[in-house]
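Peer 1: Chains A and B supply the protein sequences, listed in that same order. When you read off a place in the first sequence, starting at 1, and then add 102, the result is the number in this note's numbering. When you read off a place in the second sequence, starting at 1, and then add 102, the result is the number in this note's numbering.
Keep in mind that a hint or two might mislead.
To be verified - To give an idea of the interface, some chain B residues facing chain A are shown, with a C-beta separation under 7 Å as derived from the structure:
1. 103
2. 113
3. 115
4. 116
5. 266
6. 269
7. 273
8. 311
9. 327
As the list claims (entries may be wrong) - When the alpha-carbon atoms are kept at most 27 Å apart in a straight line, the in silico DSS-like pairs for lysine-lysine are as follows:
10. 130/A x 130/B
11. 145/B x 126/B
12. 130/B x 469/A
13. 429/B x 466/B
Said to hold, decoys possible - Here are the simulated distance ranges between beta carbons:
14. 418/B x 105/A: 50 to 58 Å
15. 155/A x 184/B: 29 to 37 Å
16. 338/B x 111/A: 30 to 38 Å
17. 422/A x 309/B: 39 to 47 Å
18. 420/B x 107/A: 56 to 64 Å
If you are wondering where the hints come from, they were derived from the structure by calculation, not from laboratory data. Glycine included, C-beta positions come from ideal geometry on N, C-alpha and C.
Number of protein chains: 2
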Amino acid sequence: MNNFYYQIPTEIFFGKGQIEQLEKEIPKYGNKVLLVYGGGSIKRMGLYQAIYAIFARIGVEVTELPGVEPNPRIETVRAGVELCRKNAIEVIIAAGGGSTIDCAKVISAGANYAGDSWDIVTGAAPVTETLPVLAILTLAATGSEMDRFAVISNMKTNDKLGAFSPLFYPKVSILDPEYTFTVPKNQTAAGTADIMSHIFEHYFNNVQGAYVQNRLAEGLLKTCIHYGPIAYNEPENYEARANLMWVSSLAIDGITWRGNDVATSVHPMEHELSAYYDITHGVGLAILTPHWMKYVLNDKTLDRFVEYGVNVWGIDPALDKFAIAGKAIEKTADFFRALEIPATLREVGIDDAHLEIMAEKAAKGMKKAFYPLTSHDVLNIFRAAL
Amino acid sequence: MNNFYYQIPTEIFFGKGQIEQLEKEIPKYGNKVLLVYGGGSIKRMGLYQAIYAIFARIGVEVTELPGVEPNPRIETVRAGVELCRKNAIEVIIAAGGGSTIDCAKVISAGANYAGDSWDIVTGAAPVTETLPVLAILTLAATGSEMDRFAVISNMKTNDKLGAFSPLFYPKVSILDPEYTFTVPKNQTAAGTADIMSHIFEHYFNNVQGAYVQNRLAEGLLKTCIHYGPIAYNEPENYEARANLMWVSSLAIDGITWRGNDVATSVHPMEHELSAYYDITHGVGLAILTPHWMKYVLNDKTLDRFVEYGVNVWGIDPALDKFAIAGKAIEKTADFFRALEIPATLREVGIDDAHLEIMAEKAAKGMKKAFYPLTSHDVLNIFRAAL
């Protein structure tokens with residue numbers, strides 16, 4: 103097990119009706135609020151109205167930044183930073199999925215940085231001061247509600263980059279599973295794939311003796327496998343939505359990773375797909391994952407795949423090891439297929455036009471990967487996934 | 103899944119050499135230090151000397167409270183409170199196992215309370231202000247290093263009571279598995295039983311749909327079962343000590359419990375054994391647990407025992423359900439026996455002299471138990487364990 107530091111400062115209020123906590127939480131941080139959200143879904147589900155009812159009760163000054171994109175753009179961050187400056191914003195409330203929360207995080211840092219906010223995303227400008235962010239989650243997927251990461255896209259340069267800072271943790275996150283009842287089937291499926299991919303990125307690693315982390319990862323994966331299809335078929339199943347929501351938060355920045363390596367492989371590959379084609383992140387991950395698994399399976403990586411097959415999928419441990427690994431990969435692909443996620447890049451409009459440049463850029467982010475991939479390897483995986 | 107609040111404020115520094123973090127951590131909290139510890143083990147392993155080397159470098163004023171008992175006494179708490187007042191202590195450093203840390207926690211509250219510290223333990227006096235506690239863990243067992251609980255004994259009244267407060271979280275905990283290399287075999291065994299019992303107290307509950315919490319609990323239990331015997335037989339096996347240490351912290355106050363019930367059953371029973379006979383807490387838990395399991399196994403509780411047998415012990419799910427449950431209980435008893443923990447109350451010097459009064463007191467703490475026990479039930483379990 104690696105040495106590690108562990109602390110998650112975010113306060114989580116989980117469950118039905120927890121939105122009411124905002125009434126006492128907002129005044130702790132300020133009175134001038136920037137409300138960040140995406141499309142109209144928070145209005146359709148009544149969340150927007152519930153937030154404004156609380157605003158009215160505590161009497162805050164509200165500025166709005168609506169329209170955050172599914173892959174949030176640096177232009178939207180810049181607009182948010184402008185609003186913060188113009189209106190002396192004291193606290194940012196992000197109501198939405200990971201994109202909205204990520205956008206709010208970078209705005210929270212940009213508001214205190216004189217230069218261009220893209221410098222924060224690239225890491226050129228260190229994050230030294232942020233406005234407090236309170237998050238209200240409406241999609242179980244990225245884990246942004248309880249982590250220190252933010253991913254922002256610059257479509258002009260085809261860059262989709264992840265920034266991180268200990269100051270990026272939301273101060274408070276409201277996790278009410280009922281807000282995910284209206285998540286469409288395809289987003290439920292993509293969110294589940296995103297959560298599972300976060301777990302895979304830690305689970306498939308080369309650290310010796312991070313045993314407890316791996317057993318916990320298996321527990322989270324089993325939960326996704328159990329409840330992903332239930333939430334897909336019964337959108338208002340509270341139990342399924344609750345489990346997926348809490349797994350999304352636990353999957354990314356804590357118990358499976360501390361003491362373990364972040365041996366990220368599939369995320370850097372997918373970020374290139376999104377940066378060039380603006381596809382849904384979780385869909386890209388689901389398409390690539392089985393192909394990545396097949397590509398990196400060999401004598402050295404075999405044992406972890408066997409653990410995965412036996413402990414997560416319940417495959418008979420008496421079988422030949424490569425047979426177990428092969429079955430586990432097949433079950434992973436079948437699972438995504440059962441959630442009706444596209445299985446090839448062509449199905450989401452990606453042809454071979456940019457594969458080489460995307461492979462080149464993706465390979466740069468894989469120095470610590472479970473199985474280090476060159477741009478040539480990434481290109482092979484992209485081609486297999488076409 | 104129940105609604106819940108989740109935040110663990112303690113900063114964890116985990117791994118080899120992390121003691122050095124104290125050099126920057128202590129000055130954040132103060133300059134006048136109370137060093138709380140137990141017997142001489144921290145001197146034999148060189149930890150005491152390492153702490154004093156840091157004290158010398160940063161120049162603190164040190165007061166010592168040595169001699170904290172394995173079941174820490176209220177008299178020791180009172181002595182610590184006196185020292186805090188006399189020397190205007192600003193920060194408490196607890197170096198030891200759960201007993202030492204628990205003692206430090208109640209001292210930290212007592213220092214700011216004009217009355218008798220026992221009021222804090224009973225809950226008669228609310229905890230409103232505490233001195234910061236920094237913990238250095240030397241035994242994987244209670245989880246006190248990352249929780250808000252403290253258990254203190256009053257041998258005059260034969261009371262062993264648990265106090266809790268959000269202010270009881272240590273500010274910082276140093277978790278270096280090497281400090282547990284010298285833990286004797288019997289304490290390693292008892293510590294493992296204590297960790298497992300904490301997990302059982304949440305795992306065996308009646309909450310519907312706390313699926314992810316239960317899968318995580320199983321991962322923690324599997325880690326104890328895998329590494330308990332390794333640490334027992336190879337005391338300097340870093341991997342085993344590291345996994346047990348981190349499980350001890352994760353087991354008690356977070357991922358298995360939030361959203362779930364604390365359906366405590368065996369702990370209240372054991373607390374009476376310790377209060378009357380001053381036995382090792384983990385030993386009492388290991389003796390009682392299989393008898394408790396047998397007693398509460400019935401049609402209604404069967405399914406959870408089947409989950410336990412299949413998911414934790416790998417018992418064939420095709421077997422008859424009661425056969426699975428029975429085997430799981432047997433394996434639990436065998437596991438404790440393999441760690442050479444006494445299997446009967448008589449072996450630890452307990453006869454039937456106080457069984458009835460202990461049963462009476464224990465039954466009061468079980469209102470939310472998985473299977474509510476009357477004093478008559480508890481007496482039956484005590485008798486079965488004699």
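Peer 1: Would you mind marking each hint as holding or not holding in the structure?
Peer 2: Cross-check of the supplied hints:
no. : hint                      : result
1   : 103                       : holds (4 Å)
2   : 113                       : holds (5 Å)
3   : 115                       : holds (6 Å)
4   : 116                       : holds (5 Å)
5   : 266                       : violated (18 Å)
6   : 269                       : violated (15 Å)
7   : 273                       : violated (10 Å)
8   : 311                       : holds (4 Å)
9   : 327                       : violated (10 Å)
10  : 130/A x 130/B             : holds (24 Å)
11  : 145/B x 126/B             : holds (23 Å)
12  : 130/B x 469/A             : violated (36 Å)
13  : 429/B x 466/B             : violated (31 Å)
14  : 418/B x 105/A: 50 to 58 Å : violated (40 Å)
15  : 155/A x 184/B: 29 to 37 Å : violated (52 Å)
16  : 338/B x 111/A: 30 to 38 Å : holds (35 Å)
17  : 422/A x 309/B: 39 to 47 Å : holds (40 Å)
18  : 420/B x 107/A: 56 to 64 Å : violated (45 Å)
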